[in-house]
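Enquirer: So you can see what is in the structure, the chains are spelled out below.
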Amino acid sequence: MAKKKTRQPAARHGLITALRNRKLKRRRSLAVDILLFILLAAFGIFSLFPLIFTVVNAFKPMSEIFIFPPKLTVDNPTLNNFYDLGFILESFDVPMSRYIFNTAVITGLGTLGTVLLGSMAAFALAKYEFPGSKMMSSLIVYALMFSASVTAIPNYLIMTYLGLVDTYWAVILTAVGGTLGLYLMKNFIVGIPDSLIEAATIDGANEFTIYWKIIMPLCKPAWITLIILSFQQMWGTTGGVFIYSEELKPVSYVLSQLVSGGIARTGVSSAVSLIMMTVPVVVFVISQSNVLETMSTSGMKD
Amino acid sequence: MMVSSRKLPFRAALKRYRNQYLLVAPFAIVFFLFTVLPVLAAIGLSFTSFNMTSAPSFVGLVNYVTLIVEDDVFLTALKNTLVFALLTGPLSYIMCFLFAWLINELPRIPRALMTLVFYAPSISGNVYLVWKLIFSSDTYGWANAWLMKLGITREAILWLTTEAYIMPILIVVQLWMSLGVSFLSFIAGLQTVDKAMYEAGAVEGIKNRWQELWYITLPAMKPQLMFGAVMQITSSFAVSQISLDLVGFPSVNYAGHTIMTHLHDYGNLRYEMGYACTIAVVLFLIMLFCNILVQKLLRKLG
Chain F
1 MAKKKTRQPA ARHGLITALR NRKLKRRRSL AVDILLFILL AAFGIFSLFP LIFTVVNAFK
61 PMSEIFIFPP KLTVDNPTLN NFYDLGFILE SFDVPMSRYI FNTAVITGLG TLGTVLLGSM
121 AAFALAKYEF PGSKMMSSLI VYALMFSASV TAIPNYLIMT YLGLVDTYWA VILTAVGGTL
181 GLYLMKNFIV GIPDSLIEAA TIDGANEFTI YWKIIMPLCK PAWITLIILS FQQMWGTTGG
241 VFIYSEELKP VSYVLSQLVS GGIARTGVSS AVSLIMMTVP VVVFVISQSN VLETMSTSGM
301 KD
Chain E
1 MMVSSRKLPF RAALKRYRNQ YLLVAPFAIV FFLFTVLPVL AAIGLSFTSF NMTSAPSFVG
61 LVNYVTLIVE DDVFLTALKN TLVFALLTGP LSYIMCFLFA WLINELPRIP RALMTLVFYA
121 PSISGNVYLV WKLIFSSDTY GWANAWLMKL GITREAILWL TTEAYIMPIL IVVQLWMSLG
181 VSFLSFIAGL QTVDKAMYEA GAVEGIKNRW QELWYITLPA MKPQLMFGAV MQITSSFAVS
241 QISLDLVGFP SVNYAGHTIM THLHDYGNLR YEMGYACTIA VVLFLIMLFC NILVQKLLRK
301 LG
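Chains F and E supply the protein sequences, listed in that same order. The first sequence begins at 1 in the numbering used here and counts up by one. The second sequence begins at 1 in the numbering used here and counts up by one.
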C-alpha cells in the first residue's frame, strides 16, 4: 500500500515533464477569453452594485440622498446616519445591549450545538457501520432536500407542546436539528484515513477518545466551516414566530424592523444594512481558506 | 473497520455499538424532534381542521380537495412558484458553476476577491432591501431616474406594484443572492480536480476549453454538482421573504404570491393550521420530487 502511494506521484511527475511542451499548445481563442472576461466583469458589477449603493448611502447626508439622478459617489460624507441610528435605538424600551446579548446567546449556543452534536454523529456515521447507520445517513441527505421553513408551522406546534416557544431554545434547537453542517462534517471525516483510527483502537482508545483526540483536531477546517455557516444563519435570524417577547429578540429583528417598519429613513436604513452585512462578510474573509477546504469534500457520492 | 452489522439481534447490536449509538444519540434526538417529527406532524394535521384553540378534528381529504379545486389563490401561488423555481433554479445553478469555473482560472488573490464579490450578497442579511430603493416608484429610484434621464421613459414606473414587473424583479433579486453554498462547493471542487488529468487530456486530443470542460472537469466535479443541485432546487422553491419584503403581502393581484407566502398567510395570519399543513405537505412533496428527479437525471448523465 505504502509503496504504491509513493510510486504514483513520481510516475505522474514524469508524465508532466514529458507533456510540458504539449501543454503550451492547449488551444484557447483570444476572442472567447475576452468574451468570458466581459461576462465575469458584468456580473461582478451586477453583484457589487447594490452592495456599494448601500455603503455609499450609509454615508450620504440627507441632501445628497434625494438628488436627481442618484449618484454612486458621496460629496460630503457624514456619520450622521449612524448617530441617528444610535438616537433611535436609545429611545427603545429595551436597551440595545440586551438585543446584542440575545444574539450572542443564540449564536453561541446554536453554533456550539451544531458543531458538537454534528461532529459526534458525523464521526460515528462516517467511520462505523452499525444497525441503523445507513438509514440515518440517507435521512440526512433527504433532509437537505426541503427547507426548514416548509415545516415551520408543525415545528412551532411541537415547540409549543414542549413549552419552548418564546425561549432561546426554540431558535437554537431548530438550527441544531438541521443537517447541512452534519452532512459537510461527515464527508470531511470520510477522507480521514481509517489507519489512524485502527492504530488508536489497537492502543486501547475507545470511540470517545478517538473522536476527541484524533478526529476533532484533524477536521479543524470542517468545524471552522460549520461555525461560519451556523454563525451566518444565527446572525440573520429574527426569531420569527418562535420568540415574541421584546426582551428576548435578537439584533437582526430590531434592525430589520427599523428598515421594513419604515421607522428609519433611507440613510439610517442603509447604515443598518451596512452593519448587518459587514459582520458576516468580515467573518467569511477571515475564514475563507478553511471554508473552501471543507467545501471540496461536499460532493454527493453514489 | 467496517464489520458487517447484519443479522445481529437488536440487544446485541446495542451492546456492541454502545459508543457509536451514544455519539449519534444527541443529534438524532434533536433531528427527530425538530426535523422529522414536524414533517410527520404536517402530514397528520393536513387531514384535520385545527385552529389552535380547540383540538384538531379529522376531516379526511377535505383540505386537499379545497386546496386544488376551490382555492384559486393557491393555483396562482403554485403557478408563480413553478415559474419562479423553473427559472431561478437552473439559471442560478448554471451561474454558480459558470462563475466558479471562470474564477478558478484567476491567480490566487483575484480569485479570493471575486469569490467574495459573488458570495457576499447571499450572506449580507437584509441588504436585498436596497432593491426597494433601486426599483422605487418615485424619481429617486435608480431604475426610474436613469430611464428618465436617458429619455427611455417619460414617467416614473411603479415597478413593485405593477403586475407585469413583480415576478421579473423577484427573479433578478433571487439570482443576485443565489451564489451561496453551492457556489463555494463548486469553487472548492474545481480546485481539487487533478491537474494531471488536463495534461493527459491534451495528449488524448482535447482541442479546446469546451471539450476540456465536458470530458474532464464536469465528470470530476459530479459529486459537487449533485450537492449543488440539491441546494439550488431547495432554495428556489422556498422563496418567500424577498417577496414579502419587496412587493408586500398580498402583492398586487397576487403577482408575487408563492406557495410559501400562501403558507405564511394561513399559518401565521389566519391560524388555520390544518389547511396550512396541507399547503406545507404539497410544497414538501414538490421539493422532494424535484430533488429526487434531478438526482436521478444527473446520475444517468455521468
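Note that these hints are calculated values from the structure, not bench results. One or more hints might be untrue.
As the list claims (entries may be wrong) - In silico lysine-lysine, BS3-like type, Cα no more than 25 Å apart, as pairs: (1) 301(F) x 222(E); (2) 71(F) x 79(E); (3) 149(E) x 134(F); (4) 134(F) x 300(E); (5) 300(E) x 301(F); (6) 15(E) x 134(F).
Predicted, not measured: the structure shown is a model, and the values here were computed from it.
Enquirer: All hints are to be evaluated individually against the structure, with a verdict given for each.
Expert: We went through each hint and held it up to the structure:
no., hint, in the structure
1, 301(F) x 222(E), "holds, 8 Å"
2, 71(F) x 79(E), "violated, 38 Å"
3, 149(E) x 134(F), "violated, 62 Å"
4, 134(F) x 300(E), "holds, 23 Å"
5, 300(E) x 301(F), "holds, 13 Å"
6, 15(E) x 134(F), "holds, 18 Å"
Comparing the model with each numbered hint stated earlier shows that hints 2, 3 do not hold.
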